[in-house]
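Since the structure of chain A is provided, determine the placement of chain B on it from the hints.
Read off the chains here:
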Amino acid sequence: MNKILKAGISTIQDSEGRFGYRRFGMPLSGAMDRQAAWWSNYLVGNRPGNPVIETSYAGLSIEFSNSNYIAVAGAATEFELNNQKVEASCNHAVQSGDVLRILPSHAGTLSYLAIRGQWLVDQDFQSVSTYLPSKIGGFSGRLLRKGDKINIETAGQPPALTIPVNYKRYIPSSCKIRFIPGPEFALLNSFCKESLLQEAFKISQDSSRTGYKLVGRALDCDEPVDFTSRPTVRGVIQLPPGGSPIILMADAPTTGGYPRLGKIVETDIDLLAQMRPGDSVRFQKVTNKEAEILFEEYRKIYEYVVKNV
Amino acid sequence: MPIAKLSYFQIAENAVEVRGDNLPVEYYQSLGRYLLRAVDKSEDYEYLALPDALAFYSRFTSLQADRLERLASSFHFEKPGSSKVEDKTFEFSVCYDKEFAPDHAELEERLNMPFEKIVETHKQGIYRLEMYGFMPGFAYITGLDPSLVLRRKTSPSARVPANSVAIASQYTGIYPEESPGGWYILGRTPQRLFDREAGTFTLEPGTRVSFHQISREEYEKQLDE
Numbered sequence: 001m002n003k004i005l006k007a008g009i010s011t012i013q014d015s016e017g018r019f020g021y022r023r024f025g026m027p028l029s030g031a032m033d034r035q036a037a038w039w040s041n042y043l044v045g046n047r048p049g050n051p052v053i054e055t056s057y058a059g060l061s062i063e064f065s066n067s068n069y070i071a072v073a074g075a076a077t078e079f080e081l082n083n084q085k086v087e088a089s090c091n092h093a094v095q096s097g098d099v100l101r102i103l104p105s106h107a108g109t110l111s112y113l114a115i116r117g118q119w120l121v122d123q124d125f126q127s128v129s130t131y132l133p134s135k136i137g138g139f140s141g142r143l144l145r146k147g148d149k150i151n152i153e154t155a156g157q158p159p160a161l162t163i164p165v166n167y168k169r170y171i172p173s174s175c176k177i178r179f180i181p182g183p184e185f186a187l188l189n190s191f192c193k194e195s196l197l198q199e200a201f202k203i204s205q206d207s208s209r210t211g212y213k214l215v216g217r218a219l220d221c222d223e224p225v226d227f228t229s230r231p232t233v234r235g236v237i238q239l240p241p242g243g244s245p246i247i248l249m250a251d252a253p254t255t256g257g258y259p260r261l262g263k264i265v266e267t268d269i270d271l272l273a274q275m276r277p278g279d280s281v282r283f284q285k286v287t288n289k290e291a292e293i294l295f296e297e298y299r300k301i302y303e304y305v306v307k308n309v
Numbered sequence: 310m311p312i313a314k315l316s317y318f319q320i321a322e323n324a325v326e327v328r329g330d331n332l333p334v335e336y337y338q339s340l341g342r343y344l345l346r347a348v349d350k351s352e353d354y355e356y357l358a359l360p361d362a363l364a365f366y367s368r369f370t371s372l373q374a375d376r377l378e379r380l381a382s383s384f385h386f387e388k389p390g391s392s393k394v395e396d397k398t399f400e401f402s403v404c405y406d407k408e409f410a411p412d413h414a415e416l417e418e419r420l421n422m423p424f425e426k427i428v429e430t431h432k433q434g435i436y437r438l439e440m441y442g443f444m445p446g447f448a449y450i451t452g453l454d455p456s457l458v459l460r461r462k463t464s465p466s467a468r469v470p471a472n473s474v475a476i477a478s479q480y481t482g483i484y485p486e487e488s489p490g491g492w493y494i495l496g497r498t499p500q501r502l503f504d505r506e507a508g509t510f511t512l513e514p515g516t517r518v519s520f521h522q523i524s525r526e527e528y529e530k531q532l533d534e
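If you read the protein sequences in the order shown, they are chains A and B.
For the first sequence, the working numbering assigns the number 1 to the initial residue and increments by one for each residue that follows.
For the second sequence, the working numbering assigns the number 310 to the initial residue and increments by one for each residue that follows.
Please note that a few of the clues may not be correct.
Unchecked claim - Mimicking BS3-like on lysine-lysine, the simulated pairs with C-alpha atoms at most 27 Å apart in a straight line are:
1. A:Lys135 with B:Lys462
2. B:Lys388 with B:Lys314
3. B:Lys426 with B:Lys407
4. B:Lys350 with A:Lys307
5. A:Lys300 with B:Lys350
What the hints assert, rightly or not - Pair by pair, the computed Cβ-Cβ distance ranges are:
6. B:Glu513 with A:Glu296: 28 to 36 Å
7. A:Glu153 with B:Ala313: 49 to 57 Å
8. A:Arg276 with B:Ser456: 51 to 59 Å
9. B:Arg460 with A:Arg282: 37 to 45 Å
10. B:Pro455 with A:Ala218: 37 to 45 Å
11. A:Gln198 with B:Arg376: 30 to 38 Å
No wet-lab data here; the hints were simulated from the structure.
Note that beta-carbon positions come from the ideal geometry of N, C-alpha and C, so glycine has one too.
One chain only, chain A, in its complex shape (with noise of 0.2 Å):
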């Protein structure tokens, strides 16, 4: 069994989440950065949504059990086997005893860890994403750590693959992440909109798998009085009131008492993922033939990793 040396912050997580519970009011979790996830599988030849170790920034410590491949994607470029620096960029062979240690990156927050074949972890709900705050799937519905030991079948060799060139993506310290409208972005006076897409927004340190929030110019806007809660989705920006946005990540909870601004394009949610407090972000505004066209590329890449494993 692969035994956790040092957890670091990780969980297991597949990249699709736990889908069809929604109207129970189970969020659906999953990768972060969904796109890192596929990636990391791609690389190790498992299909896309094989489940995976998402771990924050450095720490993650692992021995392997017996031969088999790995591979790793997001924000590690590099990591350590056996104490030598590697490439991220392809599959490694390992054998029993290897250990392997994710190193800080110069960018992004989140990396992932691919094992070549199938994971036998148990699945809640259908599927083995982390909930914590419900301690569902997972690991016991919660973060790994030291000791913690998980079984894979392993798949034989799989093919040498690296992430295409044109898929490649470099992680910044402030980008522009492209939203689609929502249903009460119509109820702001034209100044609140002018601000939401003109104004740099900073990340908070109070980001969470939930939601990362931003600090900014504070967005005072009138707000309706009576909200209801309303159905909300990773991505959705909300606005509490006091006026600092909230993004909501893959622990989004199924419906929010906050009227939503819009929600962010998928590709540019994993992007946001990446991005470490302090870092900075602008809104801009897509119409919903943009995000149907972003949507369709985004899907691709999914369909590259599919048919290429």
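Coordinates of chain B only, in the frame set by chain A:
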């Protein structure tokens, strides 16, 4: 009833919100079920019905508002209780022992009636599970007697025990697990709200619900089963 006028909103690339005027929650629940039957692969779609809206989601394909509008155009609403729609009642066993009702004193004070009367009134009601929200498996149950309606606590309790039955505004809620909470706890149920291994929730939204008072001994007995 006449064809309802609905508005459709693109809330994500793969999610659409449907909203009408003065429609009952049963309308949205029924429309959600209808749309699941209307699509090609129902396992790639899901819905969430709220008291005033329906959200319909696809797993990972584009779902545009105009397509959903076309799918919904043939929907015909049948009210629950009519001959075509099954309406079984699920009975929750509730132990209203004061040990399971840490808020009994505050309830007496705020509602200005003895706890015994609060219990009597609560257990006689006919209720409906309107929706889940706030956390997985937290059921919002409507049908609370007007004499029991009160605003939630201003400072929530840090620890509401799992399976607590509580009230706030027009709802009875059941906490699926221990959590902080601002509702007034008046009892506890031995029944499980979800089955983790099976990956199922006991009750679908829209289910008719009643509360049946049980003794402490009966509670302990049902807990062991």
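For each hint, the structure was consulted:
About 26 Å separates the Cα atoms of A:Lys135 and B:Lys462, which keeps this hinted pair within 27 Å; it holds. Pair hint B:Lys388 plus B:Lys314 holds up; C-alpha atoms about 17 Å apart against a cutoff of 27 Å. About 13 Å separates the Cα atoms of B:Lys426 and B:Lys407, which keeps this hinted pair within 27 Å; it holds. Restraint check: the Cα-Cα separation between B:Lys350 and A:Lys307 comes to about 21 Å, which is no more than 27 Å; the hinted pair holds.
Between A:Lys300 and B:Lys350, the direct Cα distance comes to roughly 20 Å. Compliance with the 27 Å bound is thereby established for this hinted pair. At about 34 Å, the CB distance of B:Glu513 to A:Glu296 agrees with the hint of 28 to 36 Å. The hinted window of 49 to 57 Å between A:Glu153 and B:Ala313 holds, with their beta carbons roughly 52 Å apart. Between A:Arg276 and B:Ser456, the C-beta spacing of about 53 Å keeps the proposed range 51 to 59 Å intact.
A beta carbon spacing of about 40 Å between B:Arg460 and A:Arg282 agrees with the range 37 to 45 Å that was offered as a hint. At about 40 Å, the CB distance of B:Pro455 to A:Ala218 agrees with the hint of 37 to 45 Å. With their beta carbons about 34 Å apart, A:Gln198 and B:Arg376 fall inside the hinted range of 30 to 38 Å.
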